[in-house]
Amino acid sequence: MSSKSQPSSNPMASLWNSYNDQTSNRLKFIDSFLVYLMLSGIVQFAYCVLVTSFPYNAFLSGFSSTVGQFVLAASLRSQVNPANKDEFKEVSPERAFADFALGSIVLHFFVYNFLG
Amino acid sequence: MFSIRRFCLLALSLAHVWSVTAKSSTGDSVLVVVDPKRQAQYSQFLDGLKDRGYDITFRSSKAEKPLLIEDDVPNYAHVILLAPESKNLGGKDITPQNIVELLNLKTNVIVTLSPAQTSLSSLASEFSLILPPPASPLISYFPKRDESPTLIPISVPDKSSPVLTKHIAPVWFSGIPQALGNSPLIVPILKAPAESFAGELLTQGGSAESLVDAADKGGEGLWAGSSLGVVTGFQTASGGRITWLGGADMLTDELFQKSLPDGSKPGNADLARDITAWTFQEELVLRIDQVNHHIVNTTISKELYTINDNIVFSADISKWNPSENKWEACSGLKDLQLEFTMLDPFIRTALPPVPGSPGKYSVSFRAPDRHGVFKFVIDYKRRGWSFLHSSTTVAVVPPRHDGYPRFLSAAWPYYAGAISTSIAFFLFSALWLAGDARDSRKGQKGAKAQ
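For the record, the sequence lines run as chains A and B. Just so you know, full-length UniProt numbering puts 76 at position 76 of the first sequence, and the rest follows in order with no gaps. Just so you know, full-length UniProt numbering puts 181 at position 181 of the second sequence, and the rest follows in order with no gaps.
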């Protein structure tokens, strides 16, 4: 693979190319989910700072739902990443996804309770 | 016709009976502890009490009965100790402890002192009154007169004490003064003249030098001047009233009638009347009939208020009217205050009288933005007046879960954020599982291909 990538003067471009080349589609799919959550969180935080934090409980639950979902998705990513296979011998990818789904459902339960 | 006249006469006599019945707000039984030999000396004073409707029982200063307190219940509404010289008043019963107990039981007491030291002298200091050393009566050589320097005409300034109601002529006084301590419960009634002092009489072995010595020591041990009291009242926190008279002589018939140096009649009778009227809870007696609190524009009293509620608090206050023998609505208090406290007063506001409804005081205020257990407190303590205290506990709670506004337009970005996160989670899960299935099929194909 390294033979494919051209030595580039731009480190960002080389990072991007290397990411594109070396990451499996599944992980890219999780990454796009993470990016979406991050953007959603940033938008809510900006709204809170720039416009209003009232009602504060709605802000907390909306913002923490993105943060919590981000944390759960990030842990799913590290558990299904083949590069971490040695660290998570006990955890199969299916098990990791089940944990992720259960955690998310509990998270959303709390978020909607706190939202109104 | 005849019967109507009789009825009218009956009604009149009934009204008369009503008008002379006791005017005290706490009862009409009086125990007078007096030396039987000297009882006749006080006849005008005691007859005056009887005429005002008091039911007087006499007890010899040497007798042990009737008891002041029996089975922890006071036998009399008021007690007058008119035997200042007795070393040992009636044996075991009349002790400083018992007098304090009487006051706690809301019995009112008039104590007369004398230059001789008695068991009651030590009690005076419990009431923040400091008595001069034994055998040092109040002395004044002014104005020039024929009487002994210990028999002093004291002028009574108008309105010098809330207890004294009207203009009173100078009174004859003979006895000891009291220095007044710092207690706010003291109600000074009559002060000593500025040129008077307490000391031993020169004719009885005393000397002016002791006074000079005291003055040289910066006033230490000096008993002189108008800061001394000769008649001093004291109202306990529980509402009992006690009045200390520097001497019993001022209540005698002799001094009730003795002409002043300028030939006019003395004010002793008027002063005695005012003193007994105050001490026996006829004058300056207030009470709170009821308190009421509710939310503005409603009438129902609540145990629970929500933060920032607008609350109306009202109190009905009555004053004892001794001439009508009944409680009357009193709208005259200008400086009444209401406190809304949780340890500290969060709100302290004036409680003004409501124009048009006598005796009613009302104020409306916003509850603080703080939840907890609060009290409405009225605490009105004015010198001479009976103390008003009322405390009503209510809870102030945050709004209930359905007491808040919901689905505010300002919060839509947060709602949208939370909903879109959920939708994204479901989409992600669905696609992930679909991808899983495809992968496993791919894997199977790959395996077959191998």
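Any given hint might turn out to be false.
The calculated SDA-like cross-link candidates involving lysine to any residue, where the alpha carbons are at most 25 Å apart (straight line), are [to be verified]: (1) 85(A) to 381(B); (2) 85(A) to 43(B); (3) 381(B) to 397(B); (4) 89(A) to 436(B).
Pulled from the structure, derived: some chain A residues nowhere near chain B, Cβ distances all over 12 Å [to be verified]: (5) 10; (6) 12; (7) 15; (8) 19; (9) 33; (10) 44; (11) 57; (12) 61; (13) 86; (14) 89; (15) 90; (16) 108; (17) 112.
Because the hints were derived from the structure by calculation, they are not lab data. Computed from a prediction, not measured in an experiment: that's the story for all the values here. Glycine is no exception: its CB is placed at the ideal position from the N, C-alpha and C atoms.
Against the structure, the hints come out as follows:
no.: 1; hint: 85(A) to 381(B); result: 82 Å, violated
no.: 2; hint: 85(A) to 43(B); result: 115 Å, violated
no.: 3; hint: 381(B) to 397(B); result: 31 Å, violated
no.: 4; hint: 89(A) to 436(B); result: 19 Å, holds
no.: 5; hint: 10; result: 32 Å, holds
no.: 6; hint: 12; result: 27 Å, holds
no.: 7; hint: 15; result: 25 Å, holds
no.: 8; hint: 19; result: 19 Å, holds
no.: 9; hint: 33; result: 5 Å, violated
no.: 10; hint: 44; result: 5 Å, violated
no.: 11; hint: 57; result: 9 Å, violated
no.: 12; hint: 61; result: 6 Å, violated
no.: 13; hint: 86; result: 21 Å, holds
no.: 14; hint: 89; result: 20 Å, holds
no.: 15; hint: 90; result: 19 Å, holds
no.: 16; hint: 108; result: 5 Å, violated
no.: 17; hint: 112; result: 7 Å, violated
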